[in-house]
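Asks: So you can see what is in the structure, the chains are spelled out below.
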Amino acid sequence: MTKLSLNQMKGNQKGIILEISGGPGLQNKFMSMGIYKGREITKISHIGLRGPVAIKVGRSVLVLGHGVANKIVIEIHG
Amino acid sequence: MGKSVVFSRLTGVQVISSNYAGTTVEIMRGVLKLGDQEIEVIDLPGTYSLEPASKAEEVVASLLNEPAKEEIAVINIVDSTNLERNLYLTLQLLEAGLPVIVCLNMCDEAKHHGVSIEIDSLEKLLGVAVVPTCAITGSGIKTLVEKIKDIKSKPREKTSHRDRWQAIGSIIEQAQRLTHRHHSLREVLEDASVRPFSGALIAIGVMLVSFEIVRFIGENLISRIADPIFLNFYQPLLIKLSPILGDESFFHHLLIGDLINGKIDFKQSLGLLTTAPYIEFAMVLPYIISFYLVLGLLEDIGILPRLAMLLDNLLHHIGLHGFAIIPVLLGLGCNVPGILATRNLESRRERFIAATLISIGVPCVALQAMIFGLLGKFSGFYVAGVYLALLVIWVVLGVILNHTVKGYSPELLVEIPPYRLPALSTLYKKLSLRIKGFIIEAAPLVLLGVLIINVLLYFKLFDLFTGLFAPVVKGLFGLPKESVVALVMGLFRKDVAVGMLMPLALSIKQLFIAAVLLAVSFPCAATFVVFLKELGLKDLLKAVLIMSIVALVTGTLLNFAIR
Chain B
0 MTKLSLNQMK GNQKGIILEI SGGPGLQNKF MSMGIYKGRE ITKISHIGLR
50 GPVAIKVGRS VLVLGHGVAN KIVIEIHG
Chain W
0 MGKSVVFSRL TGVQVISSNY AGTTVEIMRG VLKLGDQEIE VIDLPGTYSL
50 EPASKAEEVV ASLLNEPAKE EIAVINIVDS TNLERNLYLT LQLLEAGLPV
100 IVCLNMCDEA KHHGVSIEID SLEKLLGVAV VPTCAITGSG IKTLVEKIKD
150 IKSKPREKTS HRDRWQAIGS IIEQAQRLTH RHHSLREVLE DASVRPFSGA
200 LIAIGVMLVS FEIVRFIGEN LISRIADPIF LNFYQPLLIK LSPILGDESF
250 FHHLLIGDLI NGKIDFKQSL GLLTTAPYIE FAMVLPYIIS FYLVLGLLED
300 IGILPRLAML LDNLLHHIGL HGFAIIPVLL GLGCNVPGIL ATRNLESRRE
350 RFIAATLISI GVPCVALQAM IFGLLGKFSG FYVAGVYLAL LVIWVVLGVI
400 LNHTVKGYSP ELLVEIPPYR LPALSTLYKK LSLRIKGFII EAAPLVLLGV
450 LIINVLLYFK LFDLFTGLFA PVVKGLFGLP KESVVALVMG LFRKDVAVGM
500 LMPLALSIKQ LFIAAVLLAV SFPCAATFVV FLKELGLKDL LKAVLIMSIV
550 ALVTGTLLNF AIR
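For the protein sequence lines, the chains are B and W, in the order given. Each residue of the first sequence is one higher than the one before, counting from 0 in numbering that gives the first Met the number 0. Each residue of the second sequence is one higher than the one before, counting from 0 in numbering that gives the first Met the number 0.
Everything labelled a hint here was simulated from the structure, so no lab data went into it. From the three backbone atoms N, C-alpha and C, an ideal C-beta is built for every residue, glycine too. Some clues are possibly wrong.
Calculated pairs, PhoX-like style, for lysine-lysine (alpha carbon to alpha carbon, straight line, at most 25 Å) [said to hold, decoys possible]:
| no. | chain 1 | residue 1 | chain 2 | residue 2 |
| --- | --- | --- | --- | --- |
| 1 | B | 55 | B | 36 |
| 2 | W | 151 | W | 32 |
| 3 | B | 70 | W | 54 |
| 4 | W | 148 | W | 123 |
| 5 | W | 532 | W | 54 |
| 6 | W | 2 | B | 55 |
| 7 | W | 123 | B | 36 |
| 8 | B | 55 | W | 110 |
| 9 | W | 54 | W | 32 |
| 10 | W | 239 | W | 2 |
| 11 | W | 153 | W | 141 |
Pairwise CB distance ranges, derived in the manner of DEER restraints [claimed, not checked]:
| no. | chain 1 | residue 1 | chain 2 | residue 2 | range |
| --- | --- | --- | --- | --- | --- |
| 12 | B | 23 | W | 316 | 25 to 33 Å |
| 13 | W | 387 | B | 48 | 46 to 54 Å |
| 14 | B | 48 | W | 215 | 36 to 44 Å |
| 15 | B | 48 | W | 203 | 17 to 25 Å |
| 16 | B | 20 | W | 188 | 31 to 39 Å |
| 17 | B | 20 | W | 406 | 43 to 51 Å |
| 18 | B | 25 | W | 144 | 36 to 44 Å |
| 19 | B | 18 | W | 199 | 30 to 38 Å |
| 20 | B | 18 | W | 379 | 53 to 61 Å |
Excised from the complex, chain B in its bound form:
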């Protein structure tokens, strides 16, 4: 199993959320957006080396800034 942060993932890769760090406010926000441990997500793209990351969760497309994306660790399939 490979562990990567959202930033390290390649575009179009799928994975399961393994860990989420961050303060309680951020965790709440994540939770209400459907980002939680065990959820499957697909990374769509990122803009440049330190740019925001677009992911697909369920039927929603979400955008996370670089710093925020670092807080989410994904387990990649295969």
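Dock chain W against the given chain B, drawing on the hints supplied.
Replies: Coordinates of chain W only, in the frame set by chain B:
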């Protein structure tokens, strides 16, 4: 999603928008007539969860906690195209013991996306009434109103976050069917707009096309409607009025202004009946209409969050993050809503940087329209030059502020909505609200500005004034001392200020410098007031200091750098 449309279909004309108890969060209240009962309907800010992550969500949470549960009921507007995401709030509402009716909105969009929801199953699983609606066409609204009478609560046990999502997963499985559809053009475009290269192309394309459309509509409104009305209908009326007032009388000067070459010149005469309405309605209003038309389209189609994502990187260099692009775009229409929109930015540092950059570097439509009017007849090159100069100032100042202002800049964490075809009725309502706002706010100020100038001119009170500032204006900026009046007017109202440059017979270089100076110097009185309200006196003074330095440096640099 489509919440406001449902709200406006439920309520009548008497809608009041107000701020909630000392916050800056707006809520709208309206009245729904149900038989002989009158029910107050409140449109709360959109939220995805009762656990607040922003001021707006705090307001919603507290508003739902305050009154006794029997007295309120919740119409939960759910986006049918994304049932999963929306049900999180629904379950929380039910857990809180609130009476709920679920309004499954955007039913037509759902069909396009291949989503079909079994209403009966969903009703059974949730325990409350579910009404599919399509607020834009109005279908389902009658049913919604009928079922409101029977709203009841169906309390659920409070669960943990995880269990809630599990519950949602199982509800979805039982009540929602997805049919596979081929990738539509819309989906391809949605995907392309969040990837770096295709996204950049789309963003640049959209901005260029928008700019062109705004210009095209604006110019045509002026040349085909406004100018003909003023020249063919209004001017003859004024010419008849002129002898009645008596050629040299005060009232003649006040109302009609100076005759240029013996004729009424709408741009230069500076009369209350001539220049004031002309600036308002024939130079600025056409661009207000075209700008807000295009902005409304961009907003409703869903392009703005994508722009925010693509620009996030660049904006970080000037201390802002992606979403700060929205106040800036609004500021291009009028700095006042632009600065008001900075409320939505999280950190104080960001709010200060954004508000300052908007006041100094972002020209409002009124100003832009006048710049076109002033420099457009030379070549497009000069107009582009003004924009370029402002952009450079904006970037340089932003970088400086980024390195000097203390505080943090937050990160993006937003949902990108799917592309939607805007509803004409919403567009129309937005546009007319904005146009009305402009006319009501700007008209008296323009009249007042022209009045002051007119009176000062008549009594020849200017010389003292211009004499004072002449050395700076002439020595540093290379402008004649008469332009002092125009520059000072810029502190009051930008369009009138540019209008005052017209009779001065300036060279192109001088016009260019004056236009940039007017754009860069502190915005009109209205923006001044809003800045004070939103950021406080200390920050306002800081911004005024910055603006003065920027104005002096820019004017001088341009004067000595351009040949």
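Asks: Does each hint fit the structure? Answer for all of them.
Replies: Each hint tested on the structure:
no., hint, in the structure
1, 55/B / 36/B, "holds (15 Å)"
2, 151/W / 32/W, "holds (19 Å)"
3, 70/B / 54/W, "holds (23 Å)"
4, 148/W / 123/W, "holds (19 Å)"
5, 532/W / 54/W, "holds (18 Å)"
6, 2/W / 55/B, "holds (24 Å)"
7, 123/W / 36/B, "violated (29 Å)"
8, 55/B / 110/W, "holds (21 Å)"
9, 54/W / 32/W, "violated (31 Å)"
10, 239/W / 2/W, "violated (53 Å)"
11, 153/W / 141/W, "holds (23 Å)"
12, 23/B / 316/W: 25 to 33 Å, "holds (30 Å)"
13, 387/W / 48/B: 46 to 54 Å, "violated (28 Å)"
14, 48/B / 215/W: 36 to 44 Å, "holds (39 Å)"
15, 48/B / 203/W: 17 to 25 Å, "holds (21 Å)"
16, 20/B / 188/W: 31 to 39 Å, "holds (34 Å)"
17, 20/B / 406/W: 43 to 51 Å, "violated (23 Å)"
18, 25/B / 144/W: 36 to 44 Å, "holds (40 Å)"
19, 18/B / 199/W: 30 to 38 Å, "holds (32 Å)"
20, 18/B / 379/W: 53 to 61 Å, "holds (55 Å)"
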